[in-house]
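K.L.:
The residues making up each chain are set out below.
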Amino acid sequence: MVSLAWSNLMHNKLRSLLSALAVGLGITLMLVSKGLATGSIAEVAQRMQSVDAELVVLPAQDNIIFTNGAPFPDLIRRLILKQKDERGPIAESVIPVFFGQVSMGGQQQRLFGVDPAQMPLFLGHRRVLAGKAFDRARAFAREIEARGEPLPDDADAWQAYMAPGLELVIDDRLRRVGRLDPETGQRVPYRLGDRVRVMGYDFRIVGIVETGVAGRVFAPLQTMREIVLAGEKKSSMFFVKLRPDIDPVAAADRLAALLGSGARVELKSTYGTLLRQSFAQVNMYMNASSGLALVVCFLFILLTMYTVVIERTREIGILKSLGVTRFNLLALSVSEALLISMVGVGIGIGLALLAKYVLHVVRPLLTVTLSGSLLSLAVLIGIVGGVLSALYPGYRAARLDPATALSSE
Amino acid sequence: MSDPMIHVRGVCHTYRHGGVQEPVLHDLDLDIAPGEFVVIMGPSGCGKTTLLNIVGLMMPPSRAEVLRVGGRDALGLDDAARARLRRHAIGFVFQRFNLLPAISARENVALPLRIRGERVDGQVDSLLERVGLARYAGKKPGQLSVGQQQRVALARALVGRPSLVLADEPTGNLDSENAEAVLALLGEFHREWHQTILMITHNPALAAGADRVIRMQDGRFCD
Ligand SMILES: Nc1ncnc2c1ncn2[C@@H]1O[C@H](COP(=O)(O)OP(=O)(O)OP(=O)(O)O)[C@@H](O)[C@H]1O
Ligand SMILES: [Mg+2]
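Chains as they are written, first to last, in my numbering: chain A, 58 to 466; chain B, 75 to 297.
Among the hints, a few may not be true.
[Unchecked claim] Using 20 Å as the maximum straight-line C-alpha spacing, the simulated EDC-like pairs for lysine to aspartate or glutamate come out as follows:
1) B/LYS213 with B/ASP199
2) A/LYS291 with A/GLU200
3) A/LYS413 with A/GLU100
4) B/LYS214 with A/GLU466
5) A/LYS298 with A/GLU466
6) B/LYS214 with A/GLU368
[Unchecked claim] Some chain A residues near chain B, calculated using beta-carbon distances under 8 Å:
7) LEU61
8) ASN65
9) GLN103
10) GLN106
11) SER107
12) ARG371
13) GLU372
14) GLY380
15) ARG383
16) ASP458
17) PRO459
18) ALA460
19) LEU463
Bear in mind the hints are in silico, worked out from the structure with no lab data behind them.
This structure is a prediction, so every number in the text was calculated from the model and none was measured.
Virtual Cβ for every residue (Gly too), placed ideally from N, Cα, C.
Work out the full structure: start from the sequences and follow the hints.
P.N.:
This is how it looks when you write it as structure tokens:
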């Protein structure tokens with residue numbers, strides 16, 4: 058039966074190939090969208106783990122993907138620092154982050170506004186490859202922290218005042234991806250001293266750090282607050298580094314109780330899970346649309362198989378005269394559809410690998426992960442879809458009356 | 075006389091299309107002994123194909139008192155059992171388009187064996203050789219002439235050594251030369267293997283070699 062199925066498919070190569078291609082495209086869409094989602098999430102989650110802290114304090118909202126803006130006043134930081142047990146404060150440091158956006162490396166990047174003095178906590182064991190992890194901005198930040206009087210309101214004076222704070226530190230992957238040279242149309246790696254426009258200001262790249270740190274782009278927290286919030290000391294989130302002898306779970310509970318409903322306190326290690334959960338909501342639409350695409354692809358197989366049954370009515374009559382059972386005919390139909398969908402899955406995986414490669418070239422910062430389980434899912438979808446789409450046409454073939462089938466031309 | 079190969083009593087058949095009923099077979103009795111070569115003749119539309127389909131278990135009659143094929147009571151069989159009986163006991167040759175177009179002549183001939191799950195051995199090629207088509211074994215039906223296709227169909231009907239061969243105007247689409255060739259082959263195999271053959275034809279010349287000729291008219295046998 059399988060060899061007859063194969064011969065039947067080869068008898069109309071173009072049609073078989075088109076059906077396989079349809080399935081292949083659906084599978085590609087599914088693989089790339091899922092692979093992109095999981096890859097990017099995993100990458101972001103992994104980078105967050107690099108921060109030398111145990112807890113994260115996030116805004117109390119369900120979805121942590123869209124944490125923009127700065128809901129937390131500085132009071133929260135000071136409150137956490139005041140928490141003590143019999144041996145002293147439970148937190149060694151509270152590390153505020155102020156999120157912004159910057160367009161670099163051909164896409165929007167999350168800009169990590171951090172206190173230059175706290176950069177070591179973000180770097181951990183990772184090295185500064187070139188320049189410094191903030192230079193003049195260190196002094197600028199201290200100055201702003203200390204200063205209380207109003208800011209200059211004359212534009213030139215303002216620019217001069219801000220200049221030392223306009224520094225960026227980027228990771229090595231972003232450096233390599235680089236910027237688009239408007240003259241040659243080529244990508245050129247970022248270099249120290251390159252200027253990047255952020256929120257209307259010309260920032261300079263002053264340091265390049267090893268890849269794997271929490272952000273791809275860092276700017277001084279104080280500068281960003283100055284620009285966005287007129288110096289108001291608000292933060293998007295905090296990392297909390299606990300005293301080594303403190304149990305993180307107990308500390309998380311304590312801080313959660315302290316901060317009440319406005320914040321959620323999580324272990325840094327659960328950040329990845331949170332991110333996946335948050336993404337699942339967004340992903341639902343992606344899943345739904347790639348699912349829908351797959352359904353359409355398998356409808357294509359169904360239609361093909363149905364056409365085939367109509368076309369081969371007489372052949373089915375001949376097979377019945379030879380003593381083929383209804384079950385055999387159903388099996389024939391299923392075999393053909395399965396062959397189509399398996400070739401389709403092969404095409405789909407091939408195209409997904411190609412898409413991964415192409416994305417790697419044109420959008421080097423995106424990570425597409427085609428894991429074994431994702432590929433198995435594609436095969437499973439191929440099998441289930443192939444079988445399902447063959448059932449009805451196969452049933453029609455099986456049910457044909459042998460004598461009637463034979464009399465058709 | 076041993077058990078008849080075909081033993082039919084009171085077979086009636088009525089086609090229904092829409093509300094219209096068309097009685098085609100009227101209370102037929104038929105006995106064919108094992109090894110007999112019987113030809114059915116009669117005007118177009120008299121019900122020959124219908125009878126052949128009923129005897130070949132391709133469709134159930136509207137009514138029948140007895141329908142025994144190859145010693146088995148066919149009336150009580152379900153679809154799968156009828157398929158099994160066709161697979162093991164009956165070989166068909168139709169007027170035209172007998173072959174599956176996607177596979178070679180050799181694979182077409184081998185098909186009954188494959189469906190039975192039997193090994194495909196040298197006899198496929200030796201049969202093809204006997205019908206004079208050894209050179210064409212690898213060709214698809216579309217690359218063969220109508221006469222050649224019909225000889226492949228004959229080889230396929232015989233390859234499983236069925237005890238009953240049903241042929242519905244096997245030469246109806248052929249010129250006289252090809253028709254005679256096919257019929258000669260059928261006669262040859264019959265003399266050698268003694269299958270029971272029930273053949274429909276319009277051609278009186280071809281009926282000459284048969285053991286018995288049954289004439290049909292308006293769904294009845296004329297005696
Ligand atoms: N599937 C069917 N549905 C309805 N009527 C049918 C069907 N098959 C045959 N008939 C009718 O039954 C009658 C007998 O048909 P049948 O095919 O048995 O005749 P036949 O003797 O084989 O004729 P021919 O020599 O032309 O092949 C015809 O009047 C035909 O119109
Ligand atoms: Mg007929």
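K.L.:
Holds or violated: are the alpha carbons of A/LYS298 and A/GLU466 at most 20 Å from each other?
P.N.:
81 Å, violated
K.L.:
At a threshold of 8 Å, is the proposed contact between A/ASN65 and chain B supported by beta-carbon distances?
P.N.:
Hint holds; A/ASN65 Cβ to chain B Cβ min 5 Å, cut 8 Å.
K.L.:
Would the hint linking A/LYS291 and A/GLU200 be met if the CA-CA limit is 20 Å?
P.N.:
Judged against 20 Å, a Cα distance of about 17 Å means the pair holds.
K.L.:
Against chain B, run the beta carbon of A/ALA460 and see if the smallest gap drops under 8 Å.
P.N.:
4 Å, holds
K.L.:
Next item in the hint list is A/ARG371. Is there a CB on chain B closer than 8 Å to its CB?
P.N.:
6 Å, holds
K.L.:
A/ASP458 was flagged as interface toward chain B. Is the shortest Cβ-Cβ separation under 8 Å?
P.N.:
6 Å, holds
K.L.:
Interface hint check: A/PRO459, Cβ to nearest Cβ on chain B, cutoff 8 Å. Holds or violated?
P.N.:
With a closest approach of 4 Å, the A/PRO459 hint holds.
K.L.:
Could you check if A/ARG383 really has its C-beta closer than 8 Å to a C-beta on chain B?
P.N.:
6 Å, holds
K.L.:
With a cut-off of 8 Å on the beta carbons, see whether A/LEU61 makes it to chain B.
P.N.:
7 Å, holds
K.L.:
The hint names A/GLN103 as touching chain B; please verify it with the least Cβ-Cβ distance against 8 Å.
P.N.:
Where the cut-off is 8 Å and the nearest Cβ of chain B is about 53 Å from A/GLN103, the hint is violated.
K.L.:
Classify the hint on A/GLU372 as holds or violated, based on whether any CB of chain B lies nearer than 8 Å to its CB.
P.N.:
5 Å, holds
K.L.:
Quick one, is the A/SER107 hint okay against chain B at 8 Å, beta carbons?
P.N.:
60 Å, violated
Of the numbered hints stated above, those contradicted by the structure are hints 5, 9, 10, 11, listed in ascending order.
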